[in-house]
Amino acid sequence: MERPPSDDSLRQPLFIAPGENPSPPSRSTRSPKRIKAPTWTGQRPLTIRMWPIAVDRLTVACEQTGLGRKGVIQDALTHYFDRIGVPTDLDIGPDRPRRDPATRRPRKGVVKDERETITVRADPIIDARLTKACEMTGLSPQGIYDDALDPYFDLIGIPVNPENRLPSEPMPE
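With the working numbering, you'll find the sequence shown wraps up at 173, consecutive numbering, no jumps.
Hints in this document: simulated from the structure, not taken from any laboratory. Check the hints yourself; a few may be wrong.
Stated by the list, open to error - Ranges of calculated distance between the beta carbons of each label pair, as one might list FRET restraints: (1) P32 with E114: 45 to 55 angstroms; (2) D123 with P151: 34 to 44 angstroms; (3) Q43 with L155: 37 to 47 angstroms; (4) K36 with L139: 32 to 42 angstroms; (5) T88 with L139: 17 to 27 angstroms; (6) K33 with L139: 40 to 50 angstroms; (7) P52 with G157: 45 to 55 angstroms; (8) P45 with G93: 40 to 50 angstroms.
Predicted model, so just to flag it, every value in this text is computed and none were measured. Yeah, the Cβ is synthetic: ideal placement off N, Cα and C, and Gly gets one too.
Please put together the full structure from these sequences, using the hints given.
Below is the structure:
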């Protein structure tokens, strides 16, 4: 069996002399710079601890309204802030006052909390209004979330989940 004829131009040298560059020339221009910043960079994370039944109601609210978790939670907080009279024209700059961080104490011999942790990125005005609401009411952010979400779910017609119904199952008649 004969070998096919070879093309000498396709062969690569096995030895590269010092100073020779075997790679093709690099691009003469730089790669384009990112023009648009990520949309989440100006947003603040809100961590909410919810009971499983409230998570089910949140899921149903997302399905009914077409909003995601962020949209439903921000809408609930906005309704709550309007109801208790938190102003909308607050400073949202980087030098605005921050909430005091929660003190974490070790708890020994306490039953583990069964609430689920949900984190959403909220708009800066929502975070500023949350700080002001904490000052006005004396509640923690978690207390504000609890006071805002359940009445909001009632307002938009999401029933309390009877008999541990899954969100995708129809309501019993």
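Contradicted hints - numbers only: 2, 3, 7, 8
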